[in-house]
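Trainee: Given chain A's structure and the hints, the job is docking chain B onto it.
If you read the protein sequences in the order shown, they are chains A and B.
Using this note's numbering, the first residue of the first sequence is number 1, and each one after it goes up by one.
Using this note's numbering, the first residue of the second sequence is number 327, and each one after it goes up by one.
Derived from the structure by calculation, the hints contain no laboratory data.
Being a predicted model, the structure only gives us computed values, none of them experimental.
Don't take each hint at face value.
SDA-like mimics (lysine to any residue), calculated; alpha carbons at most 25 Å apart, straight line [said to hold, decoys possible]:
id	chain 1	residue 1	chain 2	residue 2
1	A	Lys224	A	Ala136
2	B	Lys507	A	Phe283
3	B	Lys488	A	Pro97
4	B	Lys458	B	Leu470
5	B	Lys488	A	Leu296
6	B	Lys488	A	Leu284
7	B	Lys507	B	Phe432
8	B	Lys382	B	Ala398
Okay, here's what each chain looks like letter by letter:
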Amino acid sequence: MPIWTRVSGLSEVEISDREMNTKNTGVPLPATQTGMRPVVKYRQSRLLGAVRQLARTRGAGFGLGVLLLIIAMALFAPSLAPYEPTSVDASAVLEPPSLAHPFGTDELGRDILSRVIWGSRVSLQVGIISVGLALALGIPGGLLAGFIGGRIDDLLMRIIDAIWSFPTMILALAVGTAFGAGLTSSFIAVGVVFAPTVTRLVRAQTLSIRELDYVLAARAMGAKPSRIMWQHVWPNVASPVIVQASILVAAAIILEAGLSFLGLGVQPPTPAWGSMLRAGYPFLLTSLWPSVFPGLAIFITVLAFNLLGDGLQQALDPQLRRAKKI
Amino acid sequence: MQKYLVQRLVQLPVTILFVSIIAFTVIRLLPGDPAMAWLGESFAGDEELYQATRAKLGLDQPWPVQFARWMAQIARGDLGVSARIRLPVSQVILQRIPITLELIVFSMLLAILVGVPAAIISAVRPNSMWDKIGTLGAIGGMALPDFWLGILLIYLFGVALKWLPPSGFTPPTEDLASNLKLMIMPAMTIGLVHSAGIMRQTRAALLDVLGQGYVRTARAKGLAELLVIRRHALRNALLPVVTIIGMQLGRLIGAAVIVETIFAIPGLGRWATDSILFRDYSALQGVILVFALWVLIINLLTDLLYAYLDPRIRLE
Numbered sequence: 001m002p003i004w005t006r007v008s009g010l011s012e013v014e015i016s017d018r019e020m021n022t023k024n025t026g027v028p029l030p031a032t033q034t035g036m037r038p039v040v041k042y043r044q045s046r047l048l049g050a051v052r053q054l055a056r057t058r059g060a061g062f063g064l065g066v067l068l069l070i071i072a073m074a075l076f077a078p079s080l081a082p083y084e085p086t087s088v089d090a091s092a093v094l095e096p097p098s099l100a101h102p103f104g105t106d107e108l109g110r111d112i113l114s115r116v117i118w119g120s121r122v123s124l125q126v127g128i129i130s131v132g133l134a135l136a137l138g139i140p141g142g143l144l145a146g147f148i149g150g151r152i153d154d155l156l157m158r159i160i161d162a163i164w165s166f167p168t169m170i171l172a173l174a175v176g177t178a179f180g181a182g183l184t185s186s187f188i189a190v191g192v193v194f195a196p197t198v199t200r201l202v203r204a205q206t207l208s209i210r211e212l213d214y215v216l217a218a219r220a221m222g223a224k225p226s227r228i229m230w231q232h233v234w235p236n237v238a239s240p241v242i243v244q245a246s247i248l249v250a251a252a253i254i255l256e257a258g259l260s261f262l263g264l265g266v267q268p269p270t271p272a273w274g275s276m277l278r279a280g281y282p283f284l285l286t287s288l289w290p291s292v293f294p295g296l297a298i299f300i301t302v303l304a305f306n307l308l309g310d311g312l313q314q315a316l317d318p319q320l321r322r323a324k325k326i
Numbered sequence: 327m328q329k330y331l332v333q334r335l336v337q338l339p340v341t342i343l344f345v346s347i348i349a350f351t352v353i354r355l356l357p358g359d360p361a362m363a364w365l366g367e368s369f370a371g372d373e374e375l376y377q378a379t380r381a382k383l384g385l386d387q388p389w390p391v392q393f394a395r396w397m398a399q400i401a402r403g404d405l406g407v408s409a410r411i412r413l414p415v416s417q418v419i420l421q422r423i424p425i426t427l428e429l430i431v432f433s434m435l436l437a438i439l440v441g442v443p444a445a446i447i448s449a450v451r452p453n454s455m456w457d458k459i460g461t462l463g464a465i466g467g468m469a470l471p472d473f474w475l476g477i478l479l480i481y482l483f484g485v486a487l488k489w490l491p492p493s494g495f496t497p498p499t500e501d502l503a504s505n506l507k508l509m510i511m512p513a514m515t516i517g518l519v520h521s522a523g524i525m526r527q528t529r530a531a532l533l534d535v536l537g538q539g540y541v542r543t544a545r546a547k548g549l550a551e552l553l554v555i556r557r558h559a560l561r562n563a564l565l566p567v568v569t570i571i572g573m574q575l576g577r578l579i580g581a582a583v584i585v586e587t588i589f590a591i592p593g594l595g596r597w598a599t600d601s602i603l604f605r606d607y608s609a610l611q612g613v614i615l616v617f618a619l620w621v622l623i624i625n626l627l628t629d630l631l632y633a634y635l636d637p638r639i640r641l642e
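Okay, chain A solo, but in the shape it has when bound (with noise of 0.2 Å):
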């Protein structure tokens, strides 16, 4: 932190906040109404509001707690699940729903209720690890187009356009079969395919910061352009993103699941949601079980994703929550 901050006693987030918050009523604020406190316990009253906004929105409590079930599933699928989720029975193939089998069994006899369970780990590993990728790639490229602007801007915004005007599922698909089957490359062709969608975002959302007096006040300041951008416009781009990598999971585990529902991504005997799929509605003529239950764990995993997207836009973006207060 350098000195001028600690001579003020306030950090860089509560100057810019009071920053955006004169910007946004165009009259300034009193200090008390800014919600200025020492630095810490500001930040944890921040953070802690979010979480508290969140809890309130009963959606988005909602998505949280289920979202927590489905990672204690994935975590202790080895305890959890009755089978083996590979274990072969050929005296019991394409079963209905019973109590040996909750789930009944598919067309290899194979539980189905613990390939459930098993599964929620490839596509958790997926959504979280897909959309980490997209944001290491998006992020510094949208700060950059957005700040450097010129030339780069421009290229990078072509490519960009060009790269959105693929279908994704056909993107990921040619990404997903140059990499070959397997996971590494389901994370790799999710990834890669969203990285856009993070650019593009970040990128809007520099641009608006760029022109704002306290970037100016940082410039002025002699502040290198690399402290500017995380200093002071990234903190503020940060929100937005979140709220974005929240769907973009809930969007990168039904891609996944399309893949694999194709054929790509995780091999045989691997479970995964989506090749479950694949493989059950075949039989769908005789046995309707094993197509229910995998894709209703994928619609439950990503209805989570995306109300807990919904209610972090709400925890977090103070206009609507200035607005739901009024």
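Mentor: This is chain B only, laid out in the frame that chain A set:
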């Protein structure tokens, strides 16, 4: 407006060039040997024949030369020959475009017919029972994987109720009734999933507009509620709705990839996945280019329509 139009039209060829470069590069990254794919499984390992095939397909040339040749070919309207069925790619694409187009048009119509009325009912009485049902439905619809919905519909209408044939395709010129019957479930699969996004966007836009002063004025001067909604609210809420419909129209072609596979429809999407699995370079290049052009044109039209509908943009 004119400046904007010119700017967009100048950008288009640049984007198309990038699209071609990306399509070309990604396809070259695919594992497997296209010459081998061309020769087929009966190929006995004749080195001379193999080299001749590589030369014939232009695969012995460096990538930049291959790319330049491909671009020159495209300029002549020639997309090469499919390795799998030995037919000109352009011919196959022209045959299959109407099939995918039919699917997309029906899906979009259904999405709008479900999404917009649901949004109006919800927005007119916010927090009513209908609003809650509509909003919950939309949140659920957005989380619904299209391939799963497709499978469930096949079971419901094709297996359990036996109302519709489970999958397949009949050309409309052969038997229009059968063609339409077979299109119902695929269109429902895509349409219902995409109506959710339209519903949420339209509802938000309507709620925003209904809170405006001019709507209060319209109500205050005694206009019938239906007129208020239609003339004052809906017209002004149209902008964001047009944007989302445009975006979805571009994305629908991606949904067609999976839905055509489930319902065994011989459209472009099915052709694309088959070409990837078979390493059919020319076919894949051609179909990807068509997809990208579709998205670019839809985006351009959406922007133009947006500019046309919003006098603030038009007059700038």
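Trainee: If a hint holds in the structure, say so; if it does not, say that too.
Mentor: Hint-by-hint comparison with the structure:
1. Restraint check: the Cα-Cα separation between A:Lys224 and A:Ala136 comes to about 22 Å, which is no more than 25 Å; the hinted pair holds.
2. For a cut-off of 25 Å, the pair hint linking B:Lys507 to A:Phe283 stands: about 23 Å separates their Cα positions.
3. As the CA atoms of B:Lys488 and A:Pro97 are separated by approximately 24 Å, the hinted pair is consistent with the 25 Å bound.
4. Under the criterion of a C-alpha separation no larger than 25 Å, the hint pairing B:Lys458 with B:Leu470 is consistent with the structure, at around 18 Å.
5. Proximity of B:Lys488 to A:Leu296 is assessed by CA-CA distance (about 23 Å); at most 25 Å being required, the pair is judged to hold.
6. Of the pairs offered as hints, the one joining B:Lys488 and A:Leu284 holds, with about 13 Å between alpha carbons and a cut-off of 25 Å not exceeded.
7. For a cut-off of 25 Å, the pair hint linking B:Lys507 to B:Phe432 stands: about 12 Å separates their Cα positions.
8. For the given pair, B:Lys382 sits about 16 Å from B:Ala398 by alpha-carbon distance, which is consistent with the 25 Å threshold.
Comparing the model with each earlier hint shows no violations; every hint is respected.
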